[in-house]
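Student: Chains as they are written, first to last, in our numbering: chain A, 1 to 250; chain B, 1 to 234.
No lab work stands behind these hints, which were simulated from the structure alone. Backbone N, C-alpha and C define an ideal beta-carbon position, used for all residues, glycine too. Heads up, a few of these hints could be off.
Claimed, not checked - Between beta-carbon pairs, the in silico distance windows are:
no., chain 1, residue 1, chain 2, residue 2, range
1, A, Ala19, B, Tyr197, 12 to 22 Å
2, B, Leu113, A, Lys48, 49 to 59 Å
3, B, Pro114, A, Leu24, 45 to 55 Å
4, B, Ile160, A, Leu56, 33 to 43 Å
5, B, Val106, A, Ile16, 32 to 42 Å
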Amino acid sequence: MSEIESQYLVFLFGGIFFALLMTLFVVGIVFAHQQRQLRNKQKLDQVKAEYEKTILNTEFEIQQQTLSYVGRELHDNIGQLLSLAKLYLNSSKPEKLAEGKEYINEIIREVRSLSKSLNLDWVESISLEKFVENELNKIQSTGFCEIHLEAQGTIEDLSKDQKLILIRVIQECLNNILKHAHPSKIQVKISASQKSIQILDDGKGFNPAVASKGSGMANLKKRMETIGGKFSLESEVGKGTKIELILPAN
Amino acid sequence: MVVGFLKSLDYYIIIIYVFSLLGITAYFRLPKERRKQRVNKFVAGSLALVSFYESLAYFLVSLHTVNAWVYLLFFHHFAVYLNLAIIQEFVLNKKRKWIIRGFILVHIVFSGLPLLLGIIPINDNGEYSSILGSTFIIVSCWIFFYELVLDDRYLAIKPIRFSGFWLITSLLFLFSGSFMILISYSYLINNYLEMYYVVIEVTRTSAMIFYAFCFITLANWKGYFQTQTPVSYE
Numbered sequence: 001m002s003e004i005e006s007q008y009l010v011f012l013f014g015g016i017f018f019a020l021l022m023t024l025f026v027v028g029i030v031f032a033h034q035q036r037q038l039r040n041k042q043k044l045d046q047v048k049a050e051y052e053k054t055i056l057n058t059e060f061e062i063q064q065q066t067l068s069y070v071g072r073e074l075h076d077n078i079g080q081l082l083s084l085a086k087l088y089l090n091s092s093k094p095e096k097l098a099e100g101k102e103y104i105n106e107i108i109r110e111v112r113s114l115s116k117s118l119n120l121d122w123v124e125s126i127s128l129e130k131f132v133e134n135e136l137n138k139i140q141s142t143g144f145c146e147i148h149l150e151a152q153g154t155i156e157d158l159s160k161d162q163k164l165i166l167i168r169v170i171q172e173c174l175n176n177i178l179k180h181a182h183p184s185k186i187q188v189k190i191s192a193s194q195k196s197i198q199i200l201d202d203g204k205g206f207n208p209a210v211a212s213k214g215s216g217m218a219n220l221k222k223r224m225e226t227i228g229g230k231f232s233l234e235s236e237v238g239k240g241t242k243i244e245l246i247l248p249a250n
Numbered sequence: 001m002v003v004g005f006l007k008s009l010d011y012y013i014i015i016i017y018v019f020s021l022l023g024i025t026a027y028f029r030l031p032k033e034r035r036k037q038r039v040n041k042f043v044a045g046s047l048a049l050v051s052f053y054e055s056l057a058y059f060l061v062s063l064h065t066v067n068a069w070v071y072l073l074f075f076h077h078f079a080v081y082l083n084l085a086i087i088q089e090f091v092l093n094k095k096r097k098w099i100i101r102g103f104i105l106v107h108i109v110f111s112g113l114p115l116l117l118g119i120i121p122i123n124d125n126g127e128y129s130s131i132l133g134s135t136f137i138i139v140s141c142w143i144f145f146y147e148l149v150l151d152d153r154y155l156a157i158k159p160i161r162f163s164g165f166w167l168i169t170s171l172l173f174l175f176s177g178s179f180m181i182l183i184s185y186s187y188l189i190n191n192y193l194e195m196y197y198v199v200i201e202v203t204r205t206s207a208m209i210f211y212a213f214c215f216i217t218l219a220n221w222k223g224y225f226q227t228q229t230p231v232s233y234e
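Full structure from sequences and hints, please.
Tutor: This is the structure in structure tokens:
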């Protein structure tokens, strides 16, 4: 074989090697990309499962709370109204009978309003501002502490699931304040433009650096993250607590 | 003159003509909004440029005139800028886009201007310009592959059905081959001229593959290929 022929051979093999290298490169990149897609899909499935679990848990908690509220209402409100209605309807006086009928009408209204709270459709119909206002009014009606609501604009673009979780997180924050902080004032600031809700109290506060026994705060943070939002907390012993919920950007 | 030119045509330039003709026709048949996309303009421009300078080079050969300046000016400069522009269109990160644009600027300053001012002789074999250009193109290709594999925005894309992937892969191999050839250019020319022609064939084949992908990108039958990057910054 002449020198040139052997050189041609070298370049033939060189060319084949070059083509193989190109093929290997293409296969390698496609494989690496597919592996990443696969890992991402698994991660997405996991996040989706976690999201669904959080929604289910939240729904369950809200239903439990609604049931206990319905129970309380049946016993304390409707039960009392029924007793009064029975008393008036048993009377022979026509004015008492009319009052008894009025009570029956009131009972019907109360039962209708209670039945509405039994399913979670109210979550869709109520605005976040109205919900917070109702919750604060409930607190004020107990005479536990002073409340203040500051709402700028209306938060509208939230899905039912996101609203459900937010409602539960707000409820939990307010419950925590009532249980642990013993404040004289609770303030809630809602800003639609900044997509944030601030819950402030002037209670006893705590040191956030000290790990708490429960997993409440971690749960709230995780729930906010599940819907694409953020949860932040600032507190100091004796100086109250400030919680900020950053809503998801839809 | 014309007969001499026609006689000088070989399979390489005929294939380049075919891809250019089909590619440019496909470009003008694209819907208006796709014709406005810069990537499609650059790809069509690349096809027009190659058919122009290769014709000029073949024409000069038919006149038995030196054609090295044609490749130096068009392949080692204008084609490099167009190819870098194509790559930066597929890069998502704004900073990395600017790095690639910076490469174009550096190439203009350190190779284009010296050529214009006569510091680099017009009939130079183009080793310096080509090494500079090939290095920038190879680095830019790796920037694209880095993003393709690691950037979340590329997760939804199937590389096999993404024209950017094929264009840039073929560019990488074209310029890797051309880089290796230019490193050994003087040695091959002086010692193994026949071997030099064989090596040139490898580059020509890579070039034909690249221009084939340019045509495929513009033709994009039944929308099989995805030509747009997932997120455009500008």
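Student: For each hint, tell me whether it holds in the structure or not.
Tutor: Going through the hints against the structure:
no.: 1; hint: A:Ala19 / B:Tyr197: 12 to 22 Å; verdict: holds, 19 Å
no.: 2; hint: B:Leu113 / A:Lys48: 49 to 59 Å; verdict: holds, 56 Å
no.: 3; hint: B:Pro114 / A:Leu24: 45 to 55 Å; verdict: violated, 38 Å
no.: 4; hint: B:Ile160 / A:Leu56: 33 to 43 Å; verdict: holds, 39 Å
no.: 5; hint: B:Val106 / A:Ile16: 32 to 42 Å; verdict: holds, 36 Å
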